[in-house]
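Undergrad: Here is what each chain is made of, one letter per residue.
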Amino acid sequence: MAALKFPEDCRFLPETHEWARLEGQIATIGISDYAQHEIGDVVYVELPEVGEQLQAEQEFGVIESVKSAFDLYAPLSGEVVEVNTALEEHPEWVNEDPYGQGWMVRIRVSNPEEWERLADAETYRRSVEEG
Amino acid sequence: MDSEASSPLRKTPLVEEHRRLGARMVPFAGWEMPLQYEGIFAEHRAVRERVGIFDVSHMGRLEVLGLDACAVLQRLVTNDVSALSDGEALYTVMCREDGGILDDLIVYCIHPERYLLIVNAATREKDVAWIRQHLWGDTSLCDRTEETILLAVQGPRSREVLEPLLSRRLAPAKPFHFASDEIAGIPVIVSRTGYTGELGYEVLGPAEQAIPLWRTLLKAVQEAEGLPAGLGARDTLRLEARLLLYGQDMDETTTPLEAGLSWTLAFGTGFIGEEALRRQKEQGVRRRLVGFQMESRAVARHGHPVYVGEQEIGMVTSGGPSPTLGVNIGLAYVQRRFAEVGRPIEIEIRRRRHPARIVRTPFYRGSFR
Numbered sequence: 001m002a003a004l005k006f007p008e009d010c011r012f013l014p015e016t017h018e019w020a021r022l023e024g025q026i027a028t029i030g031i032s033d034y035a036q037h038e039i040g041d042v043v044y045v046e047l048p049e050v051g052e053q054l055q056a057e058q059e060f061g062v063i064e065s066v067k068s069a070f071d072l073y074a075p076l077s078g079e080v081v082e083v084n085t086a087l088e089e090h091p092e093w094v095n096e097d098p099y100g101q102g103w104m105v106r107i108r109v110s111n112p113e114e115w116e117r118l119a120d121a122e123t124y125r126r127s128v129e130e131g
Numbered sequence: 001m002d003s004e005a006s007s008p009l010r011k012t013p014l015v016e017e018h019r020r021l022g023a024r025m026v027p028f029a030g031w032e033m034p035l036q037y038e039g040i041f042a043e044h045r046a047v048r049e050r051v052g053i054f055d056v057s058h059m060g061r062l063e064v065l066g067l068d069a070c071a072v073l074q075r076l077v078t079n080d081v082s083a084l085s086d087g088e089a090l091y092t093v094m095c096r097e098d099g100g101i102l103d104d105l106i107v108y109c110i111h112p113e114r115y116l117l118i119v120n121a122a123t124r125e126k127d128v129a130w131i132r133q134h135l136w137g138d139t140s141l142c143d144r145t146e147e148t149i150l151l152a153v154q155g156p157r158s159r160e161v162l163e164p165l166l167s168r169r170l171a172p173a174k175p176f177h178f179a180s181d182e183i184a185g186i187p188v189i190v191s192r193t194g195y196t197g198e199l200g201y202e203v204l205g206p207a208e209q210a211i212p213l214w215r216t217l218l219k220a221v222q223e224a225e226g227l228p229a230g231l232g233a234r235d236t237l238r239l240e241a242r243l244l245l246y247g248q249d250m251d252e253t254t255t256p257l258e259a260g261l262s263w264t265l266a267f268g269t270g271f272i273g274e275e276a277l278r279r280q281k282e283q284g285v286r287r288r289l290v291g292f293q294m295e296s297r298a299v300a301r302h303g304h305p306v307y308v309g310e311q312e313i314g315m316v317t318s319g320g321p322s323p324t325l326g327v328n329i330g331l332a333y334v335q336r337r338f339a340e341v342g343r344p345i346e347i348e349i350r351r352r353r354h355p356a357r358i359v360r361t362p363f364y365r366g367s368f369r
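Chains A and B, in that order, are what the protein sequence lines are. When we follow the working numbering, the leftmost residue of the first sequence carries the number 1, and every step to the right adds one. When we follow the working numbering, the leftmost residue of the second sequence carries the number 1, and every step to the right adds one.
No wet-lab data here; the hints were simulated from the structure. It is possible that some hints are incorrect.
Cβ pair distances, simulated, as ranges [stated by the list, open to error]:
#1 A:L4 <-> B:R337: 49 to 55 Å
#2 B:R168 <-> A:E89: 46 to 52 Å
#3 A:E92 <-> B:I211: 34 to 40 Å
#4 A:E129 <-> B:M315: 38 to 44 Å
#5 B:R168 <-> A:E129: 47 to 53 Å
#6 B:L9 <-> A:T85: 29 to 35 Å
#7 B:R365 <-> A:S68: 24 to 30 Å
#8 B:P305 <-> A:L4: 37 to 43 Å
#9 A:E49 <-> B:G303: 23 to 29 Å
#10 B:W130 <-> A:E130: 54 to 60 Å
#11 B:E340 <-> A:E113: 56 to 62 Å
Just so it is clear, the structure is predicted and the values come from calculations on it, not from any experiment. In this text, a Cβ means the ideal position worked out from N, Cα and C, and glycines have one as well.
For reference, chain A alone in the conformation it holds in the complex:
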């Protein structure tokens, strides 16, 4: 558990373990190091297409481990502007580098105030460690 990463520049949906990183109006979204560790070997990621609208705290995709499928929830609302299509060939990147190469979608945020409602790294770390 000590080795899990909680980057300071990310904010989190603590219930479902997605992260977002905001640069200007563009947010990058993925799942946390804790989530990939819990899910185990990722074998498939089903993501939305460019142009689709995500709603905060609504499902936007599915991630599959060897044993089961998990819904992905959007930390923020906005329009999908880029999808990490490389995950089709390399789903293991979600395990190996969840905050880097394992990112899932980039959106143009439509409601920047939602960022303030997300948990910061320290709050999320505590929620995970307290189980």
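Given chain A's structure and the hints, the job is docking chain B onto it.
TA: For chain B alone, kept in the frame of chain A given last:
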């Protein structure tokens, strides 16, 4: 299948050993079992390329004893128990009168008045009740599950791992043969059986010496660059080898003929279900269990419908990644006229159709034979 009963989970005598090794423990068929230690892919590869050790003590271990034990079993199970000599085992199913499968199991002939049955964890109580109903003459049934443990050492290096530990330095050479022996002074039965498609052995030992037996075997496995492996890898390994999982690929509503297990049917031995299955064989089955390979990256799972064009032709019973082949595979019951190797099919996953193709099985042939 999982029986999510509210009663507390059963624990094998090794539950603390698994926790110490960092296993992720999950409920399975009423037992608290290790799903994975290092990771399902790593454990899968270890078994295919080297060796792995599994605690499979959740499996039921039943003894049928007495003068009429052979005759009782000959009626209860579909395969020919009377053909077994001492030290030989066979894979079989146990059917209802209508041919529906009650369980699949391995029957070990210790001698003609003493047989050991290894049955599924989820069906153990049902099996005990069914077998008791069909005992006659001088026979009795003993449930030995609690007083024993069962470990599986599987993989191409399993023989070299196991043999130096055995007091006679020799493991059973032929598949489905077994022998009594000792490991570190602990009395065991070693059988050349498994659920991975690889060369492998299962070791039955006394529960009170579970920890020294596990540690002795684990150490030897690790020295051969092997890993402890959990139920996750067990499932991907058995699927690649097309070994069926009761409760998923077969149950009381499916028959051995539909499941591709006709080779376990010893017609003429008078087993329960023989008449119904003879009729089904003459008339032909309506559906058949086939293997398929996905042609997209999507993962098919139990319960997903199978289509040809707009017609629903069947249902997925098992599905998942094949770590060895690097594609997603599965098993499905499909209407017989569509059950041919090479046929394109579609699997509906989350309301979207994904292309797949019926392929020859086993998907992967390991070192078993």
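Undergrad: Next step is simple, just say for each hint if it's right about the structure.
TA: Going down the list of hints, with the structure as the test:
no., hint, in the structure
1, A:L4 <-> B:R337: 49 to 55 Å, "holds, 52 Å"
2, B:R168 <-> A:E89: 46 to 52 Å, "holds, 50 Å"
3, A:E92 <-> B:I211: 34 to 40 Å, "holds, 35 Å"
4, A:E129 <-> B:M315: 38 to 44 Å, "holds, 42 Å"
5, B:R168 <-> A:E129: 47 to 53 Å, "holds, 51 Å"
6, B:L9 <-> A:T85: 29 to 35 Å, "violated, 42 Å"
7, B:R365 <-> A:S68: 24 to 30 Å, "holds, 28 Å"
8, B:P305 <-> A:L4: 37 to 43 Å, "holds, 39 Å"
9, A:E49 <-> B:G303: 23 to 29 Å, "holds, 27 Å"
10, B:W130 <-> A:E130: 54 to 60 Å, "violated, 47 Å"
11, B:E340 <-> A:E113: 56 to 62 Å, "holds, 58 Å"
Violated hints for the displayed structure, listed by number in ascending order: 6 and 10.
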